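*Asks:* From first to last, the protein sequence lines are chains A and B. Residue 144 in my numbering sits at position 144 of the first sequence, and the numbers go up by one each step. Residue 235 in my numbering sits at position 235 of the second sequence, and the numbers go up by one each step.
Everything labelled a hint here was simulated from the structure, so no lab data went into it. Nothing here was measured: the structure is a model prediction, and the numbers come from that model. Fair warning: there could be bad hints in the mix.
[As the list claims (entries may be wrong)] In silico EDC-like pairs for lysine to aspartate or glutamate, Cα to Cα no more than 20 Å straight-line:
(1) B:LYS527 <-> A:ASP127
(2) A:LYS102 <-> B:GLU486
(3) A:LYS102 <-> B:ASP495
(4) A:LYS130 <-> B:ASP100
(5) A:LYS102 <-> B:GLU553
(6) A:LYS16 <-> B:ASP508
(7) A:LYS28 <-> B:ASP508
(8) A:LYS71 <-> B:ASP495
(9) B:LYS562 <-> B:GLU486
(10) A:LYS68 <-> B:GLU484
(11) B:LYS461 <-> B:GLU484
(12) B:LYS512 <-> A:ASP127
(13) B:LYS461 <-> B:GLU412
(14) B:LYS438 <-> B:ASP151
(15) A:LYS68 <-> B:ASP495
(16) A:LYS68 <-> B:GLU486
(17) B:LYS512 <-> A:GLU27
(18) A:LYS68 <-> B:ASP541
(19) A:LYS102 <-> B:ASP594
(20) B:LYS483 <-> A:GLU101
(21) A:LYS102 <-> B:ASP541
(22) B:LYS562 <-> B:GLU617
(23) A:LYS16 <-> B:ASP495
(24) B:LYS566 <-> B:ASP594
(25) B:LYS512 <-> A:GLU19
(26) B:LYS384 <-> B:GLU338
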Amino acid sequence: MNAEVKRILIVDDSPKDVELTIAALREKNLANEVVVAEDGEEALDYLYKRGKFVDEKGYPAVILLDIKMPKMNGIEVLKYIRSTPKFKLIPVIMVTSSREEKDLVESYKLGANSYVVKPVDVVQFIDAIKSLGQYWAVINQAPPVNI
Amino acid sequence: MKISIRQKLVLLSIIILAGNGIIGYSVYKSNQTLRNSEKLVQHTEQVISLSSRILSLSMDIETSSRGYVISADSAFLEPMILAKNTVFTSIRKLRNLTKDNPNQQIRIDSLAIYMAKRLEFSVQTVNTRTNQGLASAIAYISTQEGKRYSDQLRKITYSIQGKEKALLKQRKLTNEKSVISFNRFFIVMFVLTMLMTFLLLIAFGSILQKNKEKEKRAEELVVANSELIFQNNEKEKRASELVIANTELVFQSDEKEKRAAELVIANQELLFQNNEKGKRAAELVIANQELLFQNKEKEKRAAELVIANTELVFQSKEKERRASELIILNEERRETNEYLENLLDCANAPIIVWNPQYEITRFNRAFEALTGRTEKEVIGKSLKILFPANEIESSMELIRETLDGERMEIVEIKIIHKDGFERILLLNSANIMSPDGKTPIATIAQGNDITERKVAELEIKKLNETLEQKVIVRTKQLEDANKELEAFSYSISHDLRAPLRHIGGFIDLLTKNNSAQLDETGLRYLKIITDSSIEMGNLIDALLTFSRLSRTELQRTTINSKNMVKRVIDSFSDETAGRNVEINVSDLPIVLGDETLMNQVWFNLISNALKYTQKKEKAMIEIGSRTENDKIVFYVKDNGAGFDMKYADKLFGVFQRLHKARDFEGIGIGLANVSRILMRHGGECWAESEVDKGATFFFSVPNI
């Protein structure tokens, strides 16, 4: 595995949530593996290595994708990733505040690998993020990706 | 081949003879046709007279039994017995007469059937009179059954006669045609024969001419001979021989002459005979035509006579019958008229009668009240005065249609009061027909004043229209509200929970990273803040769930309630593990509903029952159902804490609680959800309880 490759891409417009997520990942020593995109468009910029990510290399082992974001929302990002041959094998975890069934159903229909509701209870939230990071960034064997 | 004059004469004579023969045969043939026609007329007359006789017998039966009913004198029954004995023989005869016609046979069979029914009815009438008296007999007669049979008999008889006449007419037409064609043929043959005779005469003429020439030559020979005697005595001998020869020649010539004269005479005779034949043939044609004409006349008269006779018989019987009935009827009619007059006047419904000229002839009191006009004022006036000025023509058209049909469907018509206001009538009319049933002599109409009803209908219609408009507007408003609510819920789900998560998250980070800088009180405050944010999160989640219950579509399936309740109870096994709990479940019916939502109802109610019995030594829970008309009522009964019935109306409200959180935990959304779910299923829920004596929660769903 390439050490320069950031393994976890967090796509979330809420800096507070990002901070909480990173804090959780830190406990598993995964904080350095994280790259943050603040909305859907930035997420695609990262995947295409353009804009502020022009110097980045490789693809993430997993994407933690929020749904409700300005401009391009999480569902649209997921749809784009799954319909683009280069990216479609990247594992995508929906991490969202929405308990709405229609969001859940839509996400799985579009090929999300998992759907996690951000719990209000912070302990639960941190546990969830920790185990997610552990599993997808470390345990899971990532699919082969052509660069 | 050359044919000699003699042969020609023979040939012509044979042709003339053959022509005469054919003429003779055709005269014979046409005579025979005439005889056939005569026979057919006789046959028809026989059928008609026999069927009339049968009909008259049936009337004898009717009259006789009627006579007996009126008088109870058995002398009246004689004609009936007589008719009874002969009528079926006559029908058999009639059947025999028409055996070549299967259609007539069918009619005669039904004639026999109705005759038997008629006879049976009369016998029954007589029996009723003998055994039960006059009144019963009259009641029996007035069933009209006898009249129906008589009508049928008459109808069938007339039909038999009509068919027979039609048949005769058809046959005669065929005969007439053949006579005409015979006659034509006869005339042609006659003309041909005449022509042949004429040719024969010409032939004889030419023979006579040839004989005269021969005579002349003989005379010339005598002169030559006498000259020869003078000139040559020697030749005397030869001359005398020549004289003898000449004499012989003369004699032969004489013979020929004689025969020619005889032939002329014979020819003249033949001519005379031919003339005679022609004359007779012409006479025969005339005689034939006369005969034909006479036959037609006879037929016509015979038919007229039969009809006249039948009518006469029928009329005299009818007269007899009517005379006896008239006395009774007249009295009845007087009473009926009086009764009807009263009825007409006292009827609540407006009743009017008019004649075919649309002039009012009767106007009852209700109509007087309706129009403000008196009967005297309107009698003889046109119906037009009853209608509003702008509707006279259309109303009269409606009325006119009444006279066209026998009875018309009810029409709605406006009637104007003398003082100008209008009333709406439902007019139900019927024609009164002339005795022959063909022409209407008056029309009677009964009205039903529906003015008030019409006004009400109009108002209802208007209200309905407004209502529909309102419903459309309200539905739109509701749809909008629903959309707004959805957007609102979605927003709450995301945006309201994020700050809570942040509060909880950063307090957690604070506790982990900075707890050394806080004292015990500070740490306790942090704990309270964390708990509060968790509680608020739960409240938000509960509210979202509740609002989702109103929005999501129901997926109705058949639900086995008993199985569902068992599964729900099993899911509580962990919580009841250390407790003394007895749950009795009766047989529960199958219902139609959304499986997930109904599961939630049972879950909430059973969960409540377990929760509020947790302080009892032994929890007793009973689950059952009963069927009430169109719904099924389920109940969950416990022996738990119960509640005060005066707060029962708060029980199913959102976040409403009747117990302190300290005593029983919960946020007060469960029963609100139950109520909402049942409302969406077309059912309802309620509860009965007494403090500390347990509670029973009921809910109903529509019976499938």
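*Asks:* Would you mind marking each hint as holding or not holding in the structure?
*Replies:* Do the hints match the structure? See the list:
no.: 1; hint: B:LYS527 <-> A:ASP127; in the structure: 18 Å, holds
no.: 2; hint: A:LYS102 <-> B:GLU486; in the structure: 12 Å, holds
no.: 3; hint: A:LYS102 <-> B:ASP495; in the structure: 17 Å, holds
no.: 4; hint: A:LYS130 <-> B:ASP100; in the structure: 116 Å, violated
no.: 5; hint: A:LYS102 <-> B:GLU553; in the structure: 13 Å, holds
no.: 6; hint: A:LYS16 <-> B:ASP508; in the structure: 13 Å, holds
no.: 7; hint: A:LYS28 <-> B:ASP508; in the structure: 17 Å, holds
no.: 8; hint: A:LYS71 <-> B:ASP495; in the structure: 17 Å, holds
no.: 9; hint: B:LYS562 <-> B:GLU486; in the structure: 35 Å, violated
no.: 10; hint: A:LYS68 <-> B:GLU484; in the structure: 18 Å, holds
no.: 11; hint: B:LYS461 <-> B:GLU484; in the structure: 34 Å, violated
no.: 12; hint: B:LYS512 <-> A:ASP127; in the structure: 14 Å, holds
no.: 13; hint: B:LYS461 <-> B:GLU412; in the structure: 18 Å, holds
no.: 14; hint: B:LYS438 <-> B:ASP151; in the structure: 18 Å, holds
no.: 15; hint: A:LYS68 <-> B:ASP495; in the structure: 9 Å, holds
no.: 16; hint: A:LYS68 <-> B:GLU486; in the structure: 16 Å, holds
no.: 17; hint: B:LYS512 <-> A:GLU27; in the structure: 12 Å, holds
no.: 18; hint: A:LYS68 <-> B:ASP541; in the structure: 18 Å, holds
no.: 19; hint: A:LYS102 <-> B:ASP594; in the structure: 18 Å, holds
no.: 20; hint: B:LYS483 <-> A:GLU101; in the structure: 16 Å, holds
no.: 21; hint: A:LYS102 <-> B:ASP541; in the structure: 16 Å, holds
no.: 22; hint: B:LYS562 <-> B:GLU617; in the structure: 27 Å, violated
no.: 23; hint: A:LYS16 <-> B:ASP495; in the structure: 13 Å, holds
no.: 24; hint: B:LYS566 <-> B:ASP594; in the structure: 17 Å, holds
no.: 25; hint: B:LYS512 <-> A:GLU19; in the structure: 15 Å, holds
no.: 26; hint: B:LYS384 <-> B:GLU338; in the structure: 29 Å, violated
Comparing the model with each numbered hint stated earlier shows that hints 4, 9, 11, 22 and 26 do not hold.
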